[in-house]
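Chains as they are written, first to last, in the numbering used here: chain A, 16 to 158; chain B, 525 to 640.
If you're looking for bench data, these hints aren't it; they were derived computationally from the structure. Please read these numbers as outputs of a predicted model, since none were measured by experiment. Wrong hints could be hidden among the right ones.
Okay, the calculated beta carbon distance ranges per label pair [stated by the list, open to error]: (1) A:Glu70 to B:Thr622: 34 to 44 Å; (2) B:Gln629 to A:Glu143: 32 to 42 Å; (3) A:Pro51 to B:Lys558: 31 to 41 Å; (4) B:Pro537 to A:His71: 38 to 48 Å; (5) B:Arg636 to A:Thr90: 44 to 54 Å.
If you want the footprint, here are the derived chain A segments under chain B, 3+ residues with CB under 8 Å [said to hold, decoys possible]: (6) 24 to 35; (7) 61 to 67; (8) 129 to 143.
Heads up, the beta-carbon is just placed ideally off N, CA and C, and yes, glycines get one too.
Residue-level listing of the chains:
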Amino acid sequence: MTEPAREKIVVTNDTKFLSVVRDFVANQTQTNNIAPDSANKIILAVDEAVANIIEHAYEEQITGTIEIETEISETRFKISIRDSGKKFRPDSVETPNMTEHVKSGKKKGLGIFLMRQIMDEVRYVFKEGIQNELVLVKYLRTG
Amino acid sequence: MPDFAIETQQIKPGIRFVAVRGFLDAHTYEELDKTISECFDQGVHKLVVDLSRLDYISSAGAGVFIGNIGTAQDNDGNIILLNPSQNVREIFDLLGLTQIFTFAQDVDSAVRLLEK
Numbered sequence: 016m017t018e019p020a021r022e023k024i025v026v027t028n029d030t031k032f033l034s035v036v037r038d039f040v041a042n043q044t045q046t047n048n049i050a051p052d053s054a055n056k057i058i059l060a061v062d063e064a065v066a067n068i069i070e071h072a073y074e075e076q077i078t079g080t081i082e083i084e085t086e087i088s089e090t091r092f093k094i095s096i097r098d099s100g101k102k103f104r105p106d107s108v109e110t111p112n113m114t115e116h117v118k119s120g121k122k123k124g125l126g127i128f129l130m131r132q133i134m135d136e137v138r139y140v141f142k143e144g145i146q147n148e149l150v151l152v153k154y155l156r157t158g
Numbered sequence: 525m526p527d528f529a530i531e532t533q534q535i536k537p538g539i540r541f542v543a544v545r546g547f548l549d550a551h552t553y554e555e556l557d558k559t560i561s562e563c564f565d566q567g568v569h570k571l572v573v574d575l576s577r578l579d580y581i582s583s584a585g586a587g588v589f590i591g592n593i594g595t596a597q598d599n600d601g602n603i604i605l606l607n608p609s610q611n612v613r614e615i616f617d618l619l620g621l622t623q624i625f626t627f628a629q630d631v632d633s634a635v636r637l638l639e640k
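Given these sequences and hints, build the entire structure.
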């Protein structure tokens, strides 16, 4: 069995870097021959996770970093996203009622829901005094 | 070529055509939100939004439509989405929005839906 392929990128907490993050993940999916349909969804899930960190983890005007590490094996695509901002538990976010969401004119709050819809695992780990780590896993069809 | 662009055009009195091109994400959604708000401010609540050249949409982008369709409908209007690519359409599916939004394949059908 071959070792999983690992790559890493670090960006600052600015939405202008979302395209850089998407390109990074897209390159990993291409290098590892991930089917386009799965690839597009993985890219979106990572975009949602990073956009969420940019919006919630750091106070305005504070520059912080976000590390995105991919680990790809024959059976799964794992992405670990780390930041040193505020603690945030995605599992505390309830599934939205879309009709209510539309009625209230709310524009935000769908990223976590989308991440859960796409990925097979969404795990959050808070490492005291160090950082937040969000782990996203998509199982890959083999054979 | 820029990563994101919006073009608007009045196609009939009270109906605005809004073409969105490129990548609609947490970095660019505010521009589209501003364009739609400006239409509403001018009393235009019937919008045909052309998504045929939209390469990518995230929840922040979809949120612009979710957050504005109620205002359009409350003012006797609507937001009709024109020709999204399969990738873009899939995000609406994943968010459970295909029951809420009306999709059209060409401008004439979109206008007919708005004039009903």
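Outcome of the hint check:
{"no.": "1", "hint": "A:Glu70 to B:Thr622: 34 to 44 Å", "in the structure": "26 Å, violated"}
{"no.": "2", "hint": "B:Gln629 to A:Glu143: 32 to 42 Å", "in the structure": "54 Å, violated"}
{"no.": "3", "hint": "A:Pro51 to B:Lys558: 31 to 41 Å", "in the structure": "33 Å, holds"}
{"no.": "4", "hint": "B:Pro537 to A:His71: 38 to 48 Å", "in the structure": "43 Å, holds"}
{"no.": "5", "hint": "B:Arg636 to A:Thr90: 44 to 54 Å", "in the structure": "50 Å, holds"}
{"no.": "6", "hint": "24 to 35", "in the structure": "holds (count 4)"}
{"no.": "7", "hint": "61 to 67", "in the structure": "holds (count 3)"}
{"no.": "8", "hint": "129 to 143", "in the structure": "holds (count 3)"}
Consistency with the previously given hints fails for numbers 1, 2, ordered from lowest to highest.
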